[in-house]
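> Keeping the supplied structure of chain A fixed, place chain B upon it in accordance with the hints.
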Amino acid sequence: MNILETKGLYHDFDKLEVLFDVNLKVKRGERHAIIGPNGAGKTTLFNVITGTYKPSRGAVFFKGKDVTGSKPHRMVRLGMGRSFQITSTFSRLTAFQNIRMGVLSRRGIRFNFFRKVDMMENITKETDEILKRINLHGERDMPASTLSYGKHRSLEISMALATDPDVVMLDEPTAGMSKDETRYAIELIRRLTEGKTAVIIEHDMDVVFSLADRITVLHLGEILASGPPDKIRENQAVKDAYLGETEG
Amino acid sequence: MMNRTVKRIIWWGVMLLALILYPWLFGIYYTNVFVTFAIFALYAVSYNLLLGFTGLFSFGHAMFFGAGAYATALALAHIEGCPLLVALLFGFLGAAVLALLLTPIVARLAHSAFAMLHLAFSMLMYTLALKLRGITGGEDGIGGFPIPPFHIPGVVSVDMTDPLNFYYFAIAVLGGSLWIAWFLTKTPFGQIIVSVRDNDKRVDYLGFRVPQTKAVIYVLACGFAGIAGSVYAMFQNLISAAALSIAHSFSPIVMTMVGGVASFFGPIWGAAIFAVIEELTTRYTERVQLVEGLILIIVVLFFPGGFMHMFWLVKAKWLGFTKGKGFGVIKEKLFAKRSEKKATEDDS
Numbered sequence: 001m002n003i004l005e006t007k008g009l010y011h012d013f014d015k016l017e018v019l020f021d022v023n024l025k026v027k028r029g030e031r032h033a034i035i036g037p038n039g040a041g042k043t044t045l046f047n048v049i050t051g052t053y054k055p056s057r058g059a060v061f062f063k064g065k066d067v068t069g070s071k072p073h074r075m076v077r078l079g080m081g082r083s084f085q086i087t088s089t090f091s092r093l094t095a096f097q098n099i100r101m102g103v104l105s106r107r108g109i110r111f112n113f114f115r116k117v118d119m120m121e122n123i124t125k126e127t128d129e130i131l132k133r134i135n136l137h138g139e140r141d142m143p144a145s146t147l148s149y150g151k152h153r154s155l156e157i158s159m160a161l162a163t164d165p166d167v168v169m170l171d172e173p174t175a176g177m178s179k180d181e182t183r184y185a186i187e188l189i190r191r192l193t194e195g196k197t198a199v200i201i202e203h204d205m206d207v208v209f210s211l212a213d214r215i216t217v218l219h220l221g222e223i224l225a226s227g228p229p230d231k232i233r234e235n236q237a238v239k240d241a242y243l244g245e246t247e248g
Numbered sequence: 249m250m251n252r253t254v255k256r257i258i259w260w261g262v263m264l265l266a267l268i269l270y271p272w273l274f275g276i277y278y279t280n281v282f283v284t285f286a287i288f289a290l291y292a293v294s295y296n297l298l299l300g301f302t303g304l305f306s307f308g309h310a311m312f313f314g315a316g317a318y319a320t321a322l323a324l325a326h327i328e329g330c331p332l333l334v335a336l337l338f339g340f341l342g343a344a345v346l347a348l349l350l351t352p353i354v355a356r357l358a359h360s361a362f363a364m365l366h367l368a369f370s371m372l373m374y375t376l377a378l379k380l381r382g383i384t385g386g387e388d389g390i391g392g393f394p395i396p397p398f399h400i401p402g403v404v405s406v407d408m409t410d411p412l413n414f415y416y417f418a419i420a421v422l423g424g425s426l427w428i429a430w431f432l433t434k435t436p437f438g439q440i441i442v443s444v445r446d447n448d449k450r451v452d453y454l455g456f457r458v459p460q461t462k463a464v465i466y467v468l469a470c471g472f473a474g475i476a477g478s479v480y481a482m483f484q485n486l487i488s489a490a491a492l493s494i495a496h497s498f499s500p501i502v503m504t505m506v507g508g509v510a511s512f513f514g515p516i517w518g519a520a521i522f523a524v525i526e527e528l529t530t531r532y533t534e535r536v537q538l539v540e541g542l543i544l545i546i547v548v549l550f551f552p553g554g555f556m557h558m559f560w561l562v563k564a565k566w567l568g569f570t571k572g573k574g575f576g577v578i579k580e581k582l583f584a585k586r587s588e589k590k591a592t593e594d595d596s
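Heads up: the protein sequence lines correspond to chains A and B, in order.
All residue numbers for the first sequence refer to the numbering used here, where the first residue is 1 and numbers rise by one.
All residue numbers for the second sequence refer to the numbering used here, where the first residue is 249 and numbers rise by one.
So that you can see chain A by itself, here it is in the shape it has in the complex (with noise of 0.2 Å):
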């Protein structure tokens, strides 16, 4: 069962083709790396999956329903997480405050002006227990911006997954980082995405590979191929477009 599908999808930015009949399909459960050169269009894809922009052509399905041109906060009410590739969190917020938000949407909290939000315990503690997880609790009432880089993008990240969402998607989540970095912001993924689904866009082939139970490859805005890694590593069309260049 695919929960994410997208049907001969299309999109344009005035009459430059961006994507060209892209038929992705993401299973439950599974940890989908999307991989491309850049200008690819795979976050324009992920823009047209999440409620950015309406696909000029094609539909998404979300979890069999037709989601095609739902906007963003719709995507989110249905279970869908995003982070992105350039970091995007409130910067004059705390850290806790930056995470309490995604739990509030989880909890459906949003017009209630009779409560103080700093005296919902189970909202406190569920916030507090995430920031544990993340690593970001010595951090916790520091102003987002801040935080250092590695730590903001283990923010950006986490603040994706704090809605609790079946799908989440994850734009570059290692983009920018050292070596280091980005060996724990892959543990951290791995540990957090952990019986979800997962789909990302993602540059480093290690990440790529270490990560991902599927891999689509996006180039010029059409799927070259899409299948396991092993079957990626060898396909021809693949190794012309993308892989023939990196490795080399």
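No lab work stands behind these hints: they were computed from the structure.
No experiment lies behind these values; they were computed from the predicted model shown.
The C-beta atom is built at its ideal place from N, Cα and C for all residues, glycine as well.
Please note that the accuracy of each hint is not assured.
As the list claims (entries may be wrong) - Calculated lysine-lysine pairs in the DSS-like style (CA-CA distance at most 27 Å, straight line):
{"hint": "1", "chain 1": "A", "residue 1": "K239", "chain 2": "A", "residue 2": "K151"}
{"hint": "2", "chain 1": "B", "residue 1": "K449", "chain 2": "A", "residue 2": "K63"}
{"hint": "3", "chain 1": "A", "residue 1": "K65", "chain 2": "B", "residue 2": "K449"}
{"hint": "4", "chain 1": "A", "residue 1": "K196", "chain 2": "B", "residue 2": "K449"}
{"hint": "5", "chain 1": "B", "residue 1": "K449", "chain 2": "A", "residue 2": "K54"}
{"hint": "6", "chain 1": "B", "residue 1": "K255", "chain 2": "A", "residue 2": "K71"}
{"hint": "7", "chain 1": "B", "residue 1": "K449", "chain 2": "B", "residue 2": "K255"}
{"hint": "8", "chain 1": "A", "residue 1": "K116", "chain 2": "B", "residue 2": "K449"}
Claimed, not checked - Quick look at which bits of chain A chain B covers, simulated, 3 or more residues with Cβ under 8 Å:
{"hint": "9", "segment": "126 to 138"}
{"hint": "10", "segment": "181 to 193"}
{"hint": "11", "segment": "202 to 209"}
Leaving out everything else, chain B in the frame of chain A:
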């Protein structure tokens, strides 16, 4: 825990006692100065709910103050025996309904578009107040309407034309409104609006509706401005188009800037500072705004965080609060990277 509660009760008790004794200690003239200050404090705080908390910069907040003031004045002038609290309610509703009518447009805007559209709307309201003489009295405004007593049938009836009684009424209404506004910023909703300020796209991606959130805080903030306007109209027993002018839209901006945009209490301090300055300078010169402008320039150049920032600086220096709360956090609040805004506008 017990200690904190006791401290809080004592603090509130002292505050309350000071407010009750104030007219007896300072006389009726300074009592009226204080009422004016309190009106502007609520007005500035209502503005800062938009600017400091939600990141919405408006050049036309006076139209909501004016809407509240005119609604109250019209109700008192035309409705026979309109009770005091009903007139106040009219003030709140006048501003809130005007805000509600504007939300379909403004809730989708931000930054300069939001600011300039408010400038346009407030100019429109100003012109309407001048031209619709039959309703608003034009430049003369509406004045001399009856101020009803505070009346609870069979319990109490207090004459509101007495300045002392009006002081207690105004302080109760304005203080109560300030407390509600403060509480609002502490609720989960208060947390969502500051998140919208920091990064509205991420708020969307966490499952909250941004335009609706903006609409709710907008209507509430404008309603508070309406209450300030309503009390102002009753206090002056006169309301004219000047309350809708550009200058009047700028005063909460300036007060917020001078007091400190990053804090709930900043605008209250700003209103207090300006009340004192006005009081002192009018003794020597009529050019009050010259002095106020100078102070604004000094603050913007040297203390961009305003009075509250200075307060925390001093506290940090002398009392050693350098970590965690206060200045450290505020400094972050003020100088946080602006680039975050662009962060999510990514493309492949």
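> Hints first: check each against the structure and report whether it holds.
Here's how the hints hold up against the structure:
Annotation: proposed proximity of A:K239 to A:K151 is violated, straight-line Cα distance about 34 Å (limit 27 Å). For the hint pairing B:K449 with A:K63, the CA-to-CA distance comes to about 24 Å; that is within 27 Å, so the pair holds. Between A:K65 and B:K449 the alpha-carbon distance is near 24 Å, which keeps this suggested pair within the 27 Å criterion. Proximity of A:K196 to B:K449 is assessed by CA-CA distance (about 24 Å); at most 27 Å being required, the pair is judged to hold.
Restraint check for B:K449 and A:K54: the C-alpha separation of about 16 Å stays at or below 27 Å, so the hint holds. Only pairs whose Cα atoms come within 27 Å are accepted, and B:K255 paired with A:K71 is rejected, the gap being roughly 48 Å. For the hint pairing B:K449 with B:K255, the CA-to-CA distance comes to about 41 Å; that exceeds 27 Å, so the pair is violated. Of the pairs offered as hints, the one joining A:K116 and B:K449 holds, with about 25 Å between alpha carbons and a cut-off of 27 Å not exceeded.
Counting residues of the segment 126 to 138 of chain A whose CB falls under 8 Å from any CB of chain B gives 0; the rule of at least 3 is not met. Here the segment 181 to 193 of chain A counts 0 residues with a CB under 8 Å from a CB of chain B, which misses the bar of 3, and the coverage is violated. With a cut-off of 8 Å between beta carbons, the segment 202 to 209 of chain A has 0 residues touching chain B; three or more are needed, and the interface restraint is violated.
In this structure, the hints that do not hold are numbers 1, 6, 7, 9, 10 and 11, in rising order.
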